[in-house]
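**Student:** Dock chain to chain to rebuild the complex, using the hints, since each chain is given by itself in its own frame.
In order, the protein sequences belong to chains A and B. Heads up: the first sequence at position 39 corresponds to 39 in our numbering, and the numbers run straight through without jumps. Heads up: the second sequence at position 87 corresponds to 1087 in our numbering, and the numbers run straight through without jumps.
Just so you know, these hints were derived from the structure itself, not from any lab. For clarity, every value in this text was computed on a predicted model and none was experimentally measured. Glycine included, every Cβ here is placed at the ideal spot set by N, Cα and C.
Covered, in the sense of this in silico footprint (three residues per stretch, anywhere, with C-beta under 8 Å from a C-beta of chain B), are these stretches of chain A:
hint, stretch
1, 173-185
2, 199-209
Here are the simulated DSSO-like pairs of lysine-lysine, each with C-alpha atoms no more than 30 Å apart in a straight line:
hint, chain 1, residue 1, chain 2, residue 2
3, B, K1144, A, K195
4, B, K1381, B, K1284
5, B, K1096, B, K1007
6, B, K1007, A, K179
7, B, K1239, B, K1215
8, B, K1216, A, K195
9, B, K1242, A, K179
10, B, K1230, B, K1213
11, A, K198, B, K1150
12, B, K1339, B, K1294
13, B, K1035, A, K179
14, B, K1284, B, K1299
15, B, K1282, B, K1322
16, A, K179, B, K1106
17, B, K1093, A, K198
Given next are the chains, with one letter for each unit.
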Amino acid sequence: MLPFRIPLRDWISAGVDYLIDNLGPFFDGLTNVVQFLVNTFKDGMEFLHPLVLMLIIAAITWKMAGWKTALMAFVSLLLVENIELWQAFIETMALVLTAELLVILVGLPIGIWAATNDRVNLVIRPVLDFMQTMPAFVYLIPAVMFFGLGLVPGVIATFIFAIPPLIRLTNLGIRQVPKELIEASDAFGATGRQKLFKVQLPVAMPTVMAGVNQSIMLGLSMVVIAAMIGAGGLGADVLRGIQRLQIGSGFEAGLAVVIMAIILDRITAGFGKVKNLGTA
Amino acid sequence: MSKIVVKDLYKIFGNRPDRAFELLEQGYSKEEVQKKTGLVVGVQQAEFSVEQGEIFVLMGLSGSGKSTLQRLLNRLIEPTKGTIEIDGTDIAKLSKQDLIDFRKEKFSGMVFQNFAILPHRTVLGNVEFGLELQHVEKETRQAKAAEVIKQVGLQGFEDHYPAQLSGGMQQRVGLARALAVEADVMLMDEAFSALDPLIRRDMQDELLELQSKLKKTIVFVTHDLDEAFKLGDRIAIMKDGKIVQIGEAEEIISEPADQYVREFVEGINRSEVLTAESIMQKPKETAKHGDGPKTILHKLKKQGLSSMFVLDQDRKLLGYVKAEELSDYVKGSEKADKKIPREVIHEAQTVNLEDNLSEVIDVSAATDQPIAVTDEEQRLKGIIVKGAIIAALSGSDSPQSNNEPHSEVEVS
Chain A
1 MLPFRIPLRD
11 WISAGVDYLI
21 DNLGPFFDGL
31 TNVVQFLVNT
41 FKDGMEFLHP
51 LVLMLIIAAI
61 TWKMAGWKTA
71 LMAFVSLLLV
81 ENIELWQAFI
91 ETMALVLTAE
101 LLVILVGLPI
111 GIWAATNDRV
121 NLVIRPVLDF
131 MQTMPAFVYL
141 IPAVMFFGLG
151 LVPGVIATFI
161 FAIPPLIRLT
171 NLGIRQVPKE
181 LIEASDAFGA
191 TGRQKLFKVQ
201 LPVAMPTVMA
211 GVNQSIMLGL
221 SMVVIAAMIG
231 AGGLGADVLR
241 GIQRLQIGSG
251 FEAGLAVVIM
261 AIILDRITAG
271 FGKVKNLGTA
Chain B
1001 MSKIVVKDLY
1011 KIFGNRPDRA
1021 FELLEQGYSK
1031 EEVQKKTGLV
1041 VGVQQAEFSV
1051 EQGEIFVLMG
1061 LSGSGKSTLQ
1071 RLLNRLIEPT
1081 KGTIEIDGTD
1091 IAKLSKQDLI
1101 DFRKEKFSGM
1111 VFQNFAILPH
1121 RTVLGNVEFG
1131 LELQHVEKET
1141 RQAKAAEVIK
1151 QVGLQGFEDH
1161 YPAQLSGGMQ
1171 QRVGLARALA
1181 VEADVMLMDE
1191 AFSALDPLIR
1201 RDMQDELLEL
1211 QSKLKKTIVF
1221 VTHDLDEAFK
1231 LGDRIAIMKD
1241 GKIVQIGEAE
1251 EIISEPADQY
1261 VREFVEGINR
1271 SEVLTAESIM
1281 QKPKETAKHG
1291 DGPKTILHKL
1301 KKQGLSSMFV
1311 LDQDRKLLGY
1321 VKAEELSDYV
1331 KGSEKADKKI
1341 PREVIHEAQT
1351 VNLEDNLSEV
1361 IDVSAATDQP
1371 IAVTDEEQRL
1381 KGIIVKGAII
1391 AALSGSDSPQ
1401 SNNEPHSEVE
1411 VS
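Isolated chain B (complex conformation) (with noise of 0.2 Å):
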């Protein structure tokens, strides 16, 4: 069962939001629904559900109520409309009482942009704050905390003001203050977005070595595309208020949903996101081993190509035999219809399947022969030619809807 099941949510700032809600209905915009009605479209028709120990992305620019849709999972903002069910509890409906005690209960708190942390208090003190409201023992939460400060790597500061600290160790105070809960839920809100790039990157770094031991599950809000896509299990692109895309990156970037993620997308590093996988094209025609040459070179001529992958009875992948070569075997021998020798196979350049795009181009230019896409048992399960990594890399369409032939001294 997920972890967080949301259904039909909206969040409408204002009075008597029941007029917005026929306006939407009737498909007007937020801006129209503002203009009419003076109401603030927050978060409209949200519906998405959060796996146990997935990192799930809210993300979206400044004002597509990213952050007001995190609020809402805790209730730190009031819905208007519609559920929100952790374990099968609609938050929705807790009195405030059972909801300070839910909170306590399956929220590892949150981890806020500008840290929140508490400036009166010292490292140790932050740390245990959470516990602390729990009436947790002193020793106990100490214990704990002192546990977790180890955790996000900040022993030794225990005892330090936070105004002591960089601004990358106050977020690892924030970090440890969640952590040290022990709750399921993890709410990041734009986490890491008043780093340092480079501490940025760091941080990250550590979430997600973390995350692969703790398997929490976090809803993580940023504006930060790569950021987005480094960070998380499945993203929700979102604009106005409104959920426009929810998928994994690569579904996000090779197939985006609409104008506006494709625009989105478009800034985005994709060398670091696209896969081996996500590019490669179906080979037109591969040779087997057991083929004779002359068979190889009709194949080739049939299909205009200069060179051809062979395999073995398993589909694993052997090498590739180019048809000048051939064709001199061919002409140079009488034994033209056995089994193409081994001398003529040369050895292809192979990626795996989950490469991405930086590591496909460091193959490619070792070679000007296509890449081979395998899988763990080397069986070929697509090619790349150069064309699809630089119609990848600028963004145009993806080589699975391009139709149109490659030049003949492309392949397989």
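Bound-form chain A, shown alone (with noise of 0.2 Å):
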């Protein structure tokens, strides 16, 4: 219909070009910052002897979702190592949770700005849709270009990819504080941050944790694509699986990444219970 093609290619690319240009130390701090986590969350981890940290990893189940779900848990994790697969087992695990850890430093506050300023949220909301609509694998372009090949582009596609749902949460449950809540603290005196932390955070939290819940689960969903950049994990045993056709080594690769989703769910899903006795 226009005589010529909007050259949105050319303008991207550019884009990108500039910020690797000018940006450069700041993605080589990050990524120093992002291996430093990764190795530290592995390192701790392939220290303890296999049934040392699947005891632990089940009595912190067994605290967030009873008995029952930590037996499972222990059984399930038994089943992983009996399978070769501890090793790829802590690496994804130690992808997940650097990426979960810098989802809730980034997103918490960005989801609280979002609360209690309309016109953040206004310019935020379309882009989480964007973030959240985008094919997984778009971001995995910009990331290598940015980060190099290996584990922490794969961590930075996973941020990306996981941090819309804690916003958008945090966003919600502070928005639900009853109006009377908030009423109460005002009139009792409260200042802004005495409301903030006493108030409209304590009684979002279950939301909140809903929303880091999520955020996990779709770290985890991420954990495959990010495979193909080389970071490594369950997610590189289960592309393998798919490039020799190998059904069965495939299959329980993706067997110990559903094994890891059920604990790390099932936990959070706890965090969210703990305190959620009822309604204001």
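**Tutor:** Structure representation (structure tokens):
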């Protein structure tokens, strides 16, 4: 219809080039931080004997979701170790935990900001829609360009993919705090900070935790995709299974991902319930 | 000096509220202003003062602006125009930070219809909330909280979470939280409206009892007229954002300011609110103890009465005499000019000035004679005939304004 083609792809490429040229030190610094976090998680988990780590995970599950779930988690973890996927399991766990840590550190403040400022909310909503609906593969390209191949771009891609639900649900949770509770804290002379930390956040906590839970689930779904740029872990095993048409080993790695998903889901779902004793 | 003085207070919701002032001044109603400008008149031209230690009730139907007016008092809602002086400080002019400090100092917070207590805190945690905001030390504030928890009868429940408590108990927590900060002014917004009727009555009684000790200045919002009359030292009735009448319960019932208030108070259980004083009449005539029987008979005949109260020289009530007995007495003896003898004076049924109508009804059941209304020193202040009781109950014009003669069987 137009006599020329809008050079959207050129613009985007130019933009990415510009960022690489000008923000190189920033990306290098970020790479170091992410690498450090992943290594810390990984080394920490590798340091422990597999059985000890399994018992720790089972104990946390017990506290958050009851003994039946804990028992199931423990047996499942024994299975993962038995099919020789323990190392990959730990790598993936380190990647997901790092991404989730970053998601919480960045997503929570943004969610709070969006909840307390309508204009911010207005700007952030379409950005979140964009992030969530953009095919996940598309994130891989800039991630590789900014961070090279390996674990770090995998974490970054996972982070971008997993952050929207936490921002959304933090925003929602705070906005849903009953108006009377806000009025009550105002009437008692609460400052903005007191109101946030003593009323809004605690009351919104179950919803916020649902956001954490959702972002972990999304992060796990990104694990296999991230393996395509060399993130390693269970995703790499799944990918190898696909490429070599080894149904059995691909399925095993997939099952290990599911086991991790279920355990993390039950633990974080439990967080949301601990103090959720009733309505206001 | 009054604790709270509100002058010429307006709250207009919407952009450029000045457009509404002009129209309101020209006498347009709330609906008309809304139709013309899209502005919603929340409160208009509010003017009242609340005394130290008083329970002041804002009463009206939903949408009448009573909650808005209350929230203007601590600026949970920003006033559009007017002054709100608390102890001489106009809070409408305070900066944001000063306002926060002022709220901590002067307001005992607020008690809300749906309790508004924090679900993630225990009873103790909720009650100490206000003190925590003021950075009171932990031991001090917990000691204070424990004390107030006892006051509202929640001891033993300190570690319970709100969801484990009944509605009545949750509202006690809300009340305790407000009491704990020990400020002067307490705002209560439909505080008991969400409770069961029986629990509501208990809470009202307890509030009155607490108030008799604490003497706080309370501004209480309710849509329930019975509650308003029970709790309020004075009541402001609101309609369309305007205060239509301010006064004590009796004034409002016996002299409603307009048709709206009249219709409003029609539903009230009048027997609980009206006092003997408000329905009594002046006796047409009384007999002095020094009067001779003939004199009294003459008075009775002249007024067309069948009986009459007898007073001593200090106007203290001695009893009443009946016309027929008196005339029998006069016929049967020749000492007709002497003082009336003790034996024809019957003991009268009496009520006090402050007794309410339901007590008057109890007394009236025991006699077919008019009831004497007396003050503390047994002086006769007025009389109540049965017709007046029925008239008061049915809400027809108060007997004072009724000039039609009662039937002859009636008294004094």
